[in-house]
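First to last, the protein sequences are chains A and B.
Start counting the first sequence at 23; every next residue gets the next number (the working numbering).
Start counting the second sequence at 23; every next residue gets the next number (the working numbering).
It should be emphasised that the hints constitute simulated quantities derived from the structure, not laboratory data.
Honestly, I wouldn't trust all of these hints.
Listed next, the in silico EDC-like pairs over lysine to aspartate or glutamate satisfying Cα-Cα at most 16 Å (straight line) [what the hints assert, rightly or not]:
1) A:294 - A:334
2) A:328 - A:37
3) B:294 - A:132
4) A:294 - B:37
5) A:294 - A:132
6) B:390 - B:372
Coverage of chain A stretches by chain B, computed from C-beta distances (three or more under 8 Å per stretch; other residues unrestricted) [what the hints assert, rightly or not]:
7) 47-60
8) 135-147
9) 345-352
Beta carbons are placed, not taken as given, at the ideal position from N, Cα and C, and that holds for glycine.
There are 2 protein chains.
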Amino acid sequence: MLTNSVDQTLRRRADRVVPGSMWGHLHAGKLPPGFPQFYARAEGARVWDVDGRCYLDFMCAWGPNLLGYGNAEVDEAALRQQSLGDTMNGPSEAMVELAELLVETVGHADWAMFQKNGTDATTTCVTIARAATGRRKVLIGRGAYHGAAPWCSPSVVGVTAEDRTHLCYFDYNDLGSLEAAAREAGADLAAIIVSPVRQERELDQEFPTPQFANAVRAICDRTDAVLILDEVRTGLRLHLEGSWQPLGIEPDLAAWSKALANGYPLAAVTGKDHLRAAAAGIFVTGSFWCSAVPMAAGIATINIVKRERVIERLLDMGGRLRAGIAALAERHGVALRQTGPVQMPSIRFDNDPGLRKGDLFCQAALDKGVYFHPWHNMFLSASHGLAEIEEAIAAADVALAAVAERFGG
Amino acid sequence: MLTNSVDQTLRRRADRVVPGSMWGHLHAGKLPPGFPQFYARAEGARVWDVDGRCYLDFMCAWGPNLLGYGNAEVDEAALRQQSLGDTMNGPSEAMVELAELLVETVGHADWAMFQKNGTDATTTCVTIARAATGRRKVLIGRGAYHGAAPWCSPSVVGVTAEDRTHLCYFDYNDLGSLEAAAREAGADLAAIIVSPVRQERELDQEFPTPQFANAVRAICDRTDAVLILDEVRTGLRLHLEGSWQPLGIEPDLAAWSKALANGYPLAAVTGKDHLRAAAAGIFVTGSFWCSAVPMAAGIATINIVKRERVIERLLDMGGRLRAGIAALAERHGVALRQTGPVQMPSIRFDNDPGLRKGDLFCQAALDKGVYFHPWHNMFLSASHGLAEIEEAIAAADVALAAVAERFGG
């Protein structure tokens, strides 16, 4: 990394006018040296940093890039709407069309509402659940990420105890802790909010056991509480009708964002009929929640996902990537774990406190032009085809050799 | 209003797939009959509903439209950035440029951070204030609007008491209530959040008295609490350097959104140096907070506001509109009040419980193609020129005649 690089210069400029030079989940400060902070361009499966280096990208902007950066069909739909109007005195017809499309597509969805952030969607779900039940307690996974508002942020700096008074914590896939949390909430249980897959930073991913998912549903049924599925990260990548549909479990509410409009800013809440009145009775809004451009982009995105069988493609390509890396790891004698959905890859090394192997692996791959992430689940897009998977595996080969050389194979 | 209009058809379709058919501040349900819910197009100072009717618009999307809908220079900057990349693995150079521009432009701003919603910005301000002071209490105006999150929403449906445990209420421009709220907070006072102008629905607007604004600043200075100015609605319309700059009062933090990128979704927090470390220490983020397109639009917007002296134009045109309506009201013998900043008009009739005069006035103006609002402050844009002001005054003439005829002149 050259200290006179454009990225370094921008970081120094940013440091003068942005606290800590950057904030939030896109802060490159926790990535190994050499990872860029600033980006100049993105197209298909690739991103270019401000120094002109190109990477085959497996973060997909941490999820939003589902169809490839700058997907022509989505961008055309957005541009067409932009030429008519975006933020106006009310929504355009696109809002109704998008709500109809979600209702037609998503198993549990009888209605939809729209927001900007995933956090807007999860917070709206909790508010609807409390309005519907007249109760306050929310069961939430310990360590689970459901947004960055004071009630759910992973940091408690600047947060008051009261912001979380009514949260009861359970451990994912641990029925005992789930039942204990439900007992703690007692007659005041409003909702359980849960991720379709356990996807926590610096942990292996974990699919829900059928027992756990069924218990979540059963507790809600037994107590008339609301099951909120947080699809912000998984939505449109795991199962089009809803991530727990293959388990035969439907939530009462779901929160969506990230991939919903292929990078245009949009979030949504979908819900069942019995929560319609409660959803109509709360007050939630934002200056840009009804803007038409992201809704036009969302319609195009969902239609492409259906027509092009995008999820099957992600499964196929993700499976090939996982198999390729597993074979290489065996060949190099490097023990690693690939967990969770193949379309949201996670690569973590055995015996790797401090992530020294993970960091080296990612740095070496980055040198070969492939952008992997050491401690967060990654994302595939429809632009990741056979050639891209081969390119990624070739980079992983070099990177695993580096890990084997440094740490023993 | 035809019941087979496109708008009515869309409302019926929406009613099946959206709770209450619409939500939030853009819900047309509280407007007089005949006001559209859905929009097809917007350009300059005009909006077109889905039935093809065109209105000279004085809501400006409730604020975001500052330079005219579809401003060519802003849209070109946005399109140029869109062709490069929007939502990527990190920000583009535009984030640094925009932060630098805000620091250069806004009196108190030593740094900036970016979000999507005005509520994100106000919530971030409160979180920073609590992180910086280690205290919890926030003084807030009774009836003031600072967003739609559980801690500040105008509705308490689905909200818990604990969401507001640490709020202490004062009445705008009432020094006694302000001092009482500060005493209530005591040594736990973290911040005072205040609007530059009192702008509450169904109330006349009210400028702050110098005594009140100075007392807000003095209490914060005396107690080392944080003065948060909520510029979400006023930003870029009242004073480019900050709305309280003419009073000689600088906040420690300010929240911005709405007009910041002329309709592209963007919010910002600006702050003083002594809060930089606290701002760097909290965790706030969102999937689209670093997207490059709205930042490119924001840079273009601020540059145009400076170069074209937009605020002076809004003052001039707003002053002409106010004077024209005042003269007509006198001529028609209709008593009304126009309050607050002329660039954010408010027209309210004397002796008008239930807003029957206001509703009739707005309906009659709408029939003449001019979109006024009966119970919320309105907004001017730079696209409102002499011809538009004349057109609005001509419609107001007809509308005031209708009010005089129905209710007596």
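Tested hints:
1. For the proposed pair residue 294 (chain A) and residue 334 (chain A), the alpha carbon gap of about 27 Å is over 16 Å, so the pair is violated.
2. As the CA atoms of residue 328 (chain A) and residue 37 (chain A) are separated by approximately 44 Å, the hinted pair breaks the 16 Å bound.
3. Taking the CA atoms of residue 294 (chain B) and residue 132 (chain A), the gap is near 47 Å; set against the 16 Å cutoff, the hint is violated.
4. As the CA atoms of residue 294 (chain A) and residue 37 (chain B) are separated by approximately 14 Å, the hinted pair is consistent with the 16 Å bound.
5. A hinted pair counts as satisfied when its Cα atoms are at most 16 Å apart, and residue 294 (chain A) with residue 132 (chain A) qualifies at roughly 5 Å.
6. Restraint check for residue 390 (chain B) and residue 372 (chain B): the C-alpha separation of about 23 Å exceeds 16 Å, so the hint is violated.
7. Coverage of the segment 47-60 of chain A by chain B holds. Counting CB-CB distances below 8 Å, 6 residues qualify, and the rule asks for three or more.
8. Counting residues of the segment 135-147 of chain A whose C-beta lies closer than 8 Å to any C-beta of chain B gives 7; at least three are required, and the coverage claim holds.
9. Using a Cβ-Cβ cut-off of 8 Å, 0 residues of the segment 345-352 of chain A lie near chain B, which falls short of the minimum of three, so the contact claim is violated.
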